[in-house]
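**Q** Given chain U's structure and the hints, the job is docking chain A onto it.
Each chain, written out:
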Amino acid sequence: MNQHLVLRVVTKLMVGFIILFALYVQFHGDYSPGGGFQAGVIFAAAFILYGLVFGLESVQAVLPPWVTHKMMALGVLIYTLVGIYSFFLGFNFLDYGALTPSHPEHGQHYGILLVELGVGITVAGVVISIYYAFVSRSSTSKDEEW
Amino acid sequence: MEIFEILLNVLSWIFVLVGSFLMVLGAIGILRFHGFWARLHAASVIESGGMIFLLAGMCLQAGDFLIFFKLAFIGLFLFITGPTSTHALASAALLDRSKPKKESN
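Listed in order, the protein sequences are those of chains U and A.
Residue numbers for the first sequence follow the numbering used here, so the first one is 1 and each next one is one higher.
Residue numbers for the second sequence follow the numbering used here, so the first one is 1 and each next one is one higher.
Because the hints were derived from the structure by calculation, they are not lab data.
Hints are not guaranteed to be accurate.
To be verified - Some, not all, of what chain U presents toward chain A, calculated at C-beta under 8 Å: (1) Val6; (2) Leu7; (3) Val10; (4) Leu13; (5) Met14.
Glycine included, every Cβ here is placed at the ideal spot set by N, Cα and C.
Same shape as in the complex, but just chain U (with noise of 0.2 Å):
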């Protein structure tokens, strides 16, 4: 891959605005269209497009398989601990008004932005997982055995 220099040129510019992009859609998606869903798939898209053009051994430099894998965990760890919070405050399980009870619309306003930074995180670690599983397999048999 030492030979694709406008490919490796561009992939360097584009990555931070990628991530940027990522973290806009993640934090400003209760105003504009996106989520963490969206978010978490625009932030390993980053990532995919990085190991694609530099190779597996560079991105995982960066984000070695560990990471990704507490990052899955981390997500939903998250999204639990929102709801079971709120649960111990006598509200319903998810109930984003137990946050700041004096001020129900502002408790919504927090938990609906921490619920969704937990299924960013977690979208991210699974799509990058999936692609370090699929590009990491060792080839068992080779082209010519099909």
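**A** Quick look at chain A alone, frame taken from chain U:
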């Protein structure tokens, strides 16, 4: 002020019509041309020429600065990524030893 708005409208209409014309031209080219290289050439007309003129026309109609800024950014990124994807496709075909033919058939 009135003449300025009329001028802006006329200019944006010219841009949008030229962009749409290039888009239709590229689509006809993709359908009707023979061979990979001619079709790739027609596709690159869409993603550089048509896209730039359409976005320039929309920028003149935006009014709001934020919408203008977003459209300009979309144009900038499409301007970088479109030719890159064409380049990747062409170099992959060239690595597969598919040379462009000289005479038309």
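**Q** Determine for every hint whether it applies to the structure shown.
**A** The hints, checked one at a time:
no., hint, result
1, Val6, "5 Å, holds"
2, Leu7, "6 Å, holds"
3, Val10, "5 Å, holds"
4, Leu13, "7 Å, holds"
5, Met14, "7 Å, holds"
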